[in-house]
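Asker: Here the sequence shown is numbered in numbering that gives the first Met the number 0, starting from 0 and rising by one per residue.
One should not assume that every hint holds.
[Claimed, not checked] Quick list of simulated restraints, FRET-style, between CB atoms:
id : residue 1 : residue 2 : range
1  : G23       : G2        : 29 to 35 Å
2  : K31       : P1        : 45 to 51 Å
3  : G30       : L10       : 26 to 32 Å
4  : A3        : G30       : 38 to 44 Å
5  : I6        : V28       : 31 to 37 Å
6  : E29       : G9        : 28 to 34 Å
7  : K31       : F4        : 39 to 45 Å
8  : R25       : P1        : 33 to 39 Å
[Said to hold, decoys possible] Simulated crosslink set (SDA-like; lysine to any residue; CA at most 25 Å straight-line):
id : residue 1 : residue 2
9  : K16       : F4
10 : K31       : S11
11 : K31       : A20
12 : K16       : W27
13 : K16       : I6
I should point out that these hints are in silico values taken from the structure, not numbers from a laboratory. Bear in mind the structure is a predicted one, so any value in this text is a computation, not a measurement. Note that beta-carbon positions come from the ideal geometry of N, C-alpha and C, so glycine has one too.
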Amino acid sequence: MPGAFLILPGLSYGLGKARRAESGARSWVEGK
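Make the full structure from the sequences, and use the hints.
Answerer: Given below as structure tokens:
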């Protein structure tokens, strides 16, 4: 299934972006 090879990197990339945004928001809230 070639589709899975395209979906899996997209999922891991999206999860990494969400995790990075969450940690950034948390540090911003703690900084205030």
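Asker: Now tell me if each hint is right for this structure.
Answerer: Hints versus structure:
{"no.": "1", "hint": "G23 <-> G2: 29 to 35 Å", "verdict": "holds (31 Å)"}
{"no.": "2", "hint": "K31 <-> P1: 45 to 51 Å", "verdict": "holds (46 Å)"}
{"no.": "3", "hint": "G30 <-> L10: 26 to 32 Å", "verdict": "holds (30 Å)"}
{"no.": "4", "hint": "A3 <-> G30: 38 to 44 Å", "verdict": "holds (40 Å)"}
{"no.": "5", "hint": "I6 <-> V28: 31 to 37 Å", "verdict": "holds (32 Å)"}
{"no.": "6", "hint": "E29 <-> G9: 28 to 34 Å", "verdict": "holds (31 Å)"}
{"no.": "7", "hint": "K31 <-> F4: 39 to 45 Å", "verdict": "holds (42 Å)"}
{"no.": "8", "hint": "R25 <-> P1: 33 to 39 Å", "verdict": "holds (37 Å)"}
{"no.": "9", "hint": "K16 <-> F4", "verdict": "holds (19 Å)"}
{"no.": "10", "hint": "K31 <-> S11", "verdict": "violated (30 Å)"}
{"no.": "11", "hint": "K31 <-> A20", "verdict": "holds (17 Å)"}
{"no.": "12", "hint": "K16 <-> W27", "verdict": "holds (16 Å)"}
{"no.": "13", "hint": "K16 <-> I6", "verdict": "holds (15 Å)"}
In the structure shown, a violation is registered for the earlier hint numbered 10 alone.
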